[in-house]
Structures are given as C-alpha cells and as structure tokens.
Amino acid sequence: MASDLPPFDPATAAILMLKHGHSGWLGMEYVAHGTDWVELALPWREDLVGETGSGILATGPIVSLMDMASGMAIWTTTRKFRAVATLDLRVDYMRPARKGAAVNGRSECYRLTRSAAFVRGLAHDGDPDDPVAHVAGVFMSIGERAR
Amino acid sequence: MSDADLLAACERDLPAYARSLGIAIDSIEEGSPVLVLPFGKIVEGRPTVFHGGATSGLLENAGYGALRAELAREERQQRLKPINVTVQFLSAAKSRPTYARGRVLRLGRRNANIEVEAWQSDRARPVATAVMNVLMASPEEDGAG
Numbered sequence: 290m291a292s293d294l295p296p297f298d299p300a301t302a303a304i305l306m307l308k309h310g311h312s313g314w315l316g317m318e319y320v321a322h323g324t325d326w327v328e329l330a331l332p333w334r335e336d337l338v339g340e341t342g343s344g345i346l347a348t349g350p351i352v353s354l355m356d357m358a359s360g361m362a363i364w365t366t367t368r369k370f371r372a373v374a375t376l377d378l379r380v381d382y383m384r385p386a387r388k389g390a391a392v393n394g395r396s397e398c399y400r401l402t403r404s405a406a407f408v409r410g411l412a413h414d415g416d417p418d419d420p421v422a423h424v425a426g427v428f429m430s431i432g433e434r435a436r
Numbered sequence: 003m004s005d006a007d008l009l010a011a012c013e014r015d016l017p018a019y020a021r022s023l024g025i026a027i028d029s030i031e032e033g034s035p036v037l038v039l040p041f042g043k044i045v046e047g048r049p050t051v052f053h054g055g056a057t058s059g060l061l062e063n064a065g066y067g068a069l070r071a072e073l074a075r076e077e078r079q080q081r082l083k084p085i086n087v088t089v090q091f092l093s094a095a096k097s098r099p100t101y102a103r104g105r106v107l108r109l110g111r112r113n114a115n116i117e118v119e120a121w122q123s124d125r126a127r128p129v130a131t132a133v134m135n136v137l138m139a140s141p142e143e144d145g146a147g
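Residue numbers (the working numbering), protein chains in the order written: chain A, 290 to 436; chain B, 3 to 147.
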C-alpha cells in the first residue's frame with residue numbers, strides 16, 4: 290500500500306531516479322532540497338554544448354534539468370511519488386551559462402490542487418542571484434483514476 | 003538552395019548536443035527541415051515514454067533549423083541567441099521516432115518568433131508544440147540586443 294511507504298525523500302530517490310534514462314545520460318546530480326523545492330546539478334560536458342566550439346551548455350539539457358527538478362519538487366511537497374506529466378514549461382533565458390560551467394536547477398512547487406501542480410524555478414551557474422534562466426510550469430497527475 | 007543542399011546544411015549546423023541526443027535531419031518540407039529523434043534509453047523519462055526534456059531539445063533544434071533556413075534564404079548571417087521557449091506537452095511521446103518541424107511566424111531585424119510542432123505516427127495529432135522567441139545579433143555587435 291502506498292500509505293505504508295516512507296515519505297518521498299529526494300536525496301534518497303535521486304540515487305535511483307537520476308541513474309537511468311535521459312537524466313542518467315545527462316549525468317544529473319542531487320544538490321539540496323527543502324520542504325517544497327529541489328535543486329539538481331548538470332555537470333558540464335563537451336558533447337552537450339549548443340554551439341560547436343563555444344563551450345557553453347545547450348539550452349536543451351537545461352530544460353531537462355528544470356523538468357526533472359520540478360517533478361522532484363512536486364513529490365517532495367506532496368511527500369509521495371505519483372506519476373505526473375508536464376503540461377507546459379516556459380523557460381526565459383537570461384544569459385548564456387559560463388564556458389565550461391556546470392548548471393544547477395532549483396525548482397519549487399508553489400501551489401498544489403487536486404490534479405495540477407504549479408512550479409517555478411531558476412537555473413544558475415554558481416550564483417543564484419545571477420540566474421541563467423527562469424522557469425515556470427504546470428504538471429498534471431496521471432493514472433489516478435485507474436487505481 | 004535546393005532541398006538537398008538545405009538538408010546538408012541543416013545536418014552540418016546541428017550542434018553537439020543535438021548529435022549526441024541522436025537528432026538527425028529527416029527531410030525538407032516547404033523550406034524547413036523535419037528533424038527526427040529515435041526512441042532509446044538516453045531519451046527515456048517514464049518507462050517507454052520520451053522525457054519531456056528530450057522532446058523539448060528536439061523542438062528547440064527544429065525551431066533553430068527553420069530560422070537558419072529562413073535567414074539563409076535572405077542571405078543574412080546572424081548569431082542566434084535564445085530569448086525564451088514555451089513547450090506544451092499534448093500527449094505522451096511513446097517508444098517510436100518523434101519528428102519536429104518549425105515555422106517562422108515573424109522574422110524581424112533583431113528577433114524572430116517561431117512555432118514548432120512535434121508528432122509521431124499521426125501528423126494530425128502533435129505530441130508537443132513550442133513557441134520560441136530568438137534574438138539575432140549581427141556578427142559585429144555581439145552584446146545583448
């Protein structure tokens with residue numbers, strides 16, 4: 290029974306969740322979390338740059354990072370894992386990340402309804418006060434009816 | 003430029019990230035490249051479903067492809083800088099290839115607005131769409147526009 294499970298802990302869940310699939314390929318790492326937010330990191334890698342020779346991470350992996358951090362922020366807030374689907378995600382790019390820099394993504398779940406979760410966050414390359422990108426999104430829970 | 007030449011140019015312009023993700027140019031349609039991303043472990047989110055981030059990467063690259071093709075037709079050489087992207091996820095992209103094609107809705111001197119659609123087996127039922135705003139900097143002026 291789901292109710293017997295311990296509350297969702299992003300630090301522990303990250304060990305498994307970030308090892309496989311797309312997140313595993315990108316090499317995402319857990320950084321920190323609070324009651325309603327999660328921060329992950331995306332280490333720099335030559336084959337993830339957006340413009341050959343620029344040394345700057347492409348925007349695609351940053352969207353993946355924010356999507357993953359947002360999902361984990363939702364499960365951290367609800368204290369349990371349930372399948373969610375991204376409804377929409379908006380990313381505003383403030384500036385390029387620094388050459389060779391890892392990018393951190395922090396997302397918070399600021400509002401939960403029965404079926405929707407609203408998130409906002411930012412990506413930074415060392416200083417959260419000088420972000421690389423701002424993000425806003427909405428997620429929907431899925432598969433509830435079948436259970 | 004012929005479609006074959008444009009396809010070759012689009013292949014050449016794919017960034018390292020797009021190549022490592024597995025994105026390729028499928029064809030040229032009405033002057034814009036159709037990009038394809040095969041399903042595999044490295045794009046997987048939930049089991050058997052594309053990760054939203056991988057789909058977004060495909061959409062963004064299709065948007066840039068459409069814009070570069072448009073700029074090439076106007077013989078303009080400008081550096082592209084992302085302003086923003088909004089992705090709408092319409093249905094789960096399953097374990098088969100996903101295609102995407104962009105359309106430049108407005109091409110200004112300094113910025114462009116691009117609409118992108120991604121689909122799988124049924125073209126009439128897109129799995130995701132995106133709207134992108136892109137800044138275009140002239141080679142000489144490289145600061146924020």
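Treat each hint with caution, since some may be false.
[To be verified] Listed next, the in silico BS3-like pairs over lysine-lysine satisfying Cα-Cα at most 30 Å (straight line):
1) K43(B) x K308(A)
2) K43(B) x K388(A)
3) K83(B) x K369(A)
4) K308(A) x K96(B)
5) K369(A) x K96(B)
[What the hints assert, rightly or not] For the chain B half of the interface with chain A, some residues (derived, Cβ under 8 Å), not all of them:
6) V87
7) S97
8) P99
None of these hints come from the bench; they were simulated from the model. Beta carbons: idealized from backbone N, C-alpha and C, even for Gly.
**Message:** Does the closest beta carbon of chain A sit nearer than 8 Å to the beta carbon of S97(B)?
**Reply:** violated, 12 Å
**Request:** Quickly compare the C-alpha distance for K83(B) and K369(A) to 30 Å and report which way the hint goes.
**Result:** With a Cα-Cα distance of about 39 Å, the restraint between K83(B) and K369(A) is violated, given a limit of 30 Å.
**Asked** At a threshold of 8 Å, is the proposed contact between P99(B) and chain A supported by beta-carbon distances?
**Response** violated, 16 Å
**Message:** Under 8 Å is the threshold here; is the Cβ of V87(B) close enough to any Cβ of chain A for the hint to stand?
**Reply:** holds, 5 Å
**Request:** With a cut-off of 30 Å on the C-alpha distance, tell me whether K369(A) and K96(B) pass.
**Result:** holds, 25 Å
**Prompt:** Does the structure keep K308(A) and K96(B) at a Cα separation of 30 Å or less?
**Reply:** Measuring from Cα to Cα gives roughly 21 Å; hence the hint holds.
**Asked** If you draw a straight line from the CA of K43(B) to the CA of K308(A), is it 30 Å or shorter?
**Response** holds, 11 Å
**Pair hint K43(B) and K388(A), alpha-carbon separation not exceeding 30 Å** = holds, 28 Å
Of the numbered hints given earlier, the model fails hints 3, 7, 8; all others are met.
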